[in-house]
Amino acid sequence: MIQRFLRYATASMILFIGWKLVSFFLSADILPPPEVAFVAFAKAVTTAEFWSHFIASACRVSSAMALAWLCGFPAGILLGYNRKVDRVLSPFVFLTYPVPKIVLLPVFLVLFGLGDMPKILMIALIIGYQIVVATRDSVKGLDIKYIDSFRSIGGTPFQTIRHVVIPAAMPHGFTALRIGTGTGIAVLFFVESFATHSGLGYLIMDAWGRFAYDIMFTGIIGMSLLGVLIYELFNGLEKTMCAWKYLESGRSGAGQ
Amino acid sequence: MDEPLIDVQHVCKTFAPAEGPVLDDISFSLFPGETLSVIGPSGCGKTTLLYILAGLKKSTSGRVAICGSDGNTNGGTNSFILQNFGLFPWKTVYENVSLGLKLRKTEKSKTRQITNALLSELDIGELSDRYPVQLSGGQKQRVAIARALATEPDVLLMDEPFSSLDALTRERLQDIMLDMWHTRRLTYIIVTHSVEEAVFLGKYILVLTDRPTRCKTLITNDTYGDKALRNKDCYFDRVRQVRKEMEIR
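Chains as they are written, first to last, in this note's numbering: chain A, 3 to 258; chain B, 6 to 254.
The set of hints was computed from the structure by calculation and includes no laboratory data.
Hints are supplied without guarantee of correctness; some may be wrong.
Only pairs whose alpha carbons sit at most 25 Å apart, straight line, appear in this in silico DSS-like list of lysine-lysine [stated by the list, open to error]:
hint, chain 1, residue 1, chain 2, residue 2
1, A, LYS45, A, LYS22
2, B, LYS63, A, LYS86
3, B, LYS96, B, LYS110
4, B, LYS110, A, LYS147
5, B, LYS96, A, LYS147
6, A, LYS86, A, LYS45
7, A, LYS147, B, LYS115
8, A, LYS147, B, LYS63
9, A, LYS241, B, LYS237
10, B, LYS107, A, LYS147
11, B, LYS107, B, LYS96
12, A, LYS142, B, LYS96
13, A, LYS86, A, LYS147
14, A, LYS142, B, LYS113
15, B, LYS62, A, LYS86
16, B, LYS113, B, LYS96
17, A, LYS142, A, LYS241
18, B, LYS62, A, LYS142
19, B, LYS115, B, LYS96
Which chain B residues face chain A? A few, computed with CB under 10 Å, are given here [to be verified]:
hint, residue
20, THR82
21, ASN89
22, TYR209
Rough simulated footprint, nothing fancy, chain B against chain A, three-plus residues with beta-carbon under 8 Å [what the hints assert, rightly or not]:
hint, stretch
23, 163-171
24, 178-190
25, 230-242
Beta carbons are placed, not taken as given, at the ideal position from N, Cα and C, and that holds for glycine.
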């Protein structure tokens with residue numbers, strides 16, 4: 003635990019120094035030195051305004067990821083497990099997967115209005131695809147001996163999904179969620195730069211327009227913090243729900 | 006007892022017609038409490054035979070009947086120990102062993118009682134909260150045996166269950182199987198590539214040919230059932246006999 007803390011502290015130091023150097027050589031207002039940015043951030047976290055933006059963003063991205071999971075994971079399980087369904091539906095998934103969904107944002111804004119709905123749906127759509135593909139592939143790659151072994155104990159197809167397919171796919175689903183966190187936050191920034199007056203993305207774009215670079219960095223740090231929190235949440239959830247996986251590989255934590 | 010528990014008649018299995026049959030006209034029968042070792046060259050279709058007996062694969066022709074304890078000629082239950090144990094890595098030892106009972110919707114208290122009794126009988130009681138990855142090969146195999154016996158199957162099927170274990174562990178587990186047979190009069194079929202194991206664990210020894218796999222001989226092993234067998238001359242004689250049978254073309 004202490005070692006882990008030290009590793010994180012060292013990495014933070016190096017990043018801090020790197021930022022400092024770049025800011026020094028650029029000597030432009032657009033990249034303030036890190037200490038200025040962090041002082042501004044420390045000031046901002048005492049204000050209700052910052053937290054209202056932070057919470058707006060957190061609600062959007064977390065509900066989007068929950069939605070993506072609730073649709074994507076079962077869909078991936080179904081596609082991976084049932085060959086008939088897979089044969090019919092997979093061409094649709096793989097034909098539309100490479101299409102950049104973000105270009106549909108104007109369509110979403112027209113269809114679902116200017117509120118939170120189109121933003122949540124856009125993030126969920128993009129991450130949902132990643133979860134479907136990762137889950138489907140993991141089920142397809144499941145060693146047949148587990149299914150044979152389960153059937154020999156007398157398991158029905160439904161029980162096979164519950165006791166074999168889902169637990170085996172869970173770690174892959176979590177990996178998709180962790181990768182999706184980065185994507186989700188990026189998409190969040192984009193969708194919040196349109197047609198809204200709340201959220202960290204709005205805070206950043208608004209500050210940029212006003213040349214308030216310290217406030218802009220408050221938003222940037224806030225968004226990074228949001229990403230780290232969600233990422234760590236998934237790490238923690240996986241460690242509780244898939245304890246066996248950590249024992250198996252001897253990892254103390256995924257993705258570190 | 007005039008009705009065999011397991012009756013296998015003229016079973017054939019063909020995967021690809023161009024390659025010919027994998028199993029060709031396999032027949033044997035076993036009465037309750039009898040045990041059978043199946044031995045033959047690797048890749049000859051021994052595993053396929055077990056899959057057919059377990060109902061996981063269908064035979065191309067022929068008849069397999071496992072008689073249930075209720076007299077139903079095709080209602081017998083089986084437990085199948087797959088090669089490399091087939092334990093679920095995401096379930097603890099306890100969950101693995103009790104799984105079959107859970108699927109059959111057995112009462113919780115009864116499930117706990119049966120599971121704990123088996124765990125302590127096989128000397129793995131302290132391991133019940135561990136995951137398979139935390140176990141040694143021998144411990145995993147004990148868990149697999151406990152899981153297979155939990156549902157009290159009419160017949161136990163084992164596919165090279167001890168082949169990945171070191172010699173000492175293997176012998177200890179073979180002793181356990183013999184104990185289980187003495188206390189429960191288990192009916193089991195064990196597929197193995199070890200002649201010694203076949204002789205130690207089988208009242209009958211079915212020697213199979215190379216592909217297409219046919220029954221070469223069925224040896225009645227009257228030395229079966231003695232735990233001290235490994236040191237006796239009759240054991241070595243039997244091993245030599247089986248080996249000779251396997252070598253005949």
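Do the hints match the structure? See the list:
1. The suggested pairing of LYS45 of chain A with LYS22 of chain A holds, with an alpha-carbon distance near 20 Å, which does not exceed 25 Å.
2. Between LYS63 of chain B and LYS86 of chain A, the direct Cα distance comes to roughly 21 Å. Compliance with the 25 Å bound is thereby established for this hinted pair.
3. A threshold of 25 Å between alpha carbons decides the hint, and for LYS96 of chain B with LYS110 of chain B the separation of about 18 Å falls inside it, so the pair holds.
4. Annotation: proposed proximity of LYS110 of chain B to LYS147 of chain A holds, straight-line Cα distance about 24 Å (limit 25 Å).
5. Taking the CA atoms of LYS96 of chain B and LYS147 of chain A, the gap is about 15 Å. The hint holds against a cut of 25 Å.
6. With a C-alpha separation of about 58 Å, the suggested pairing of LYS86 of chain A with LYS45 of chain A is violated against the 25 Å cut-off.
7. A hinted pair counts as satisfied when its Cα atoms are at most 25 Å apart, and LYS147 of chain A with LYS115 of chain B does not qualify at roughly 29 Å.
8. This hinted pair checks out: LYS147 of chain A and LYS63 of chain B have alpha carbons roughly 17 Å apart, not beyond 25 Å.
9. At most 25 Å may separate the alpha-carbon atoms for a hinted pair to count; LYS241 of chain A and LYS237 of chain B exceed this at roughly 53 Å.
10. For a cut-off of 25 Å, the pair hint linking LYS107 of chain B to LYS147 of chain A stands: about 20 Å separates their Cα positions.
11. Restraint check for LYS107 of chain B and LYS96 of chain B: satisfied, since their Cα atoms lie roughly 13 Å apart, inside the 25 Å limit.
12. Our distance criterion of 25 Å between C-alpha atoms is met by LYS142 of chain A and LYS96 of chain B, whose separation comes to about 20 Å.
13. Restraint check for LYS86 of chain A and LYS147 of chain A: satisfied, since their Cα atoms lie roughly 21 Å apart, inside the 25 Å limit.
14. For the hint linking LYS142 of chain A to LYS113 of chain B, the alpha-carbon distance of about 33 Å lies beyond 25 Å, and the restraint is violated.
15. A C-alpha spacing of about 20 Å is found between LYS62 of chain B and LYS86 of chain A, which places the hinted pair at or below 25 Å, so the restraint holds.
16. Straight-line distance between C-alpha atoms of LYS113 of chain B and LYS96 of chain B comes to about 17 Å, which keeps the hinted pair within the 25 Å bound.
17. About 24 Å separates the Cα atoms of LYS142 of chain A and LYS241 of chain A, which keeps this hinted pair within 25 Å; it holds.
18. Simply put, LYS62 of chain B and LYS142 of chain A have alpha-carbon atoms about 20 Å apart, close enough for the 25 Å limit, and the pair holds.
19. A C-alpha spacing of about 20 Å is found between LYS115 of chain B and LYS96 of chain B, which places the hinted pair at or below 25 Å, so the restraint holds.
20. Below 10 Å, beta-carbon pairs count as interface contacts, and THR82 of chain B has one with chain A at about 8 Å; its hint therefore holds.
21. The restraint placing ASN89 of chain B at the interface with chain A holds, with a minimum CB-CB distance near 7 Å, inside the 10 Å limit.
22. A distance limit of 10 Å between C-beta atoms decides the matter here; for TYR209 of chain B the minimum to chain A is near 23 Å, and the interface restraint is violated.
23. Figure legend: the stretch 163-171 of chain A, annotated as covered by chain B; annotation consistent (4 residues with Cβ-Cβ distances under 8 Å, at least 3 required).
24. Under a criterion of three residues with beta carbons nearer than 8 Å to beta carbons of chain B, the stated coverage of the stretch 178-190 of chain A fails, only 0 such residues being counted.
25. Check result for the stretch 230-242 of chain A against chain B: violated, 0 residues qualifying (beta carbon to beta carbon below 8 Å, three or more required).
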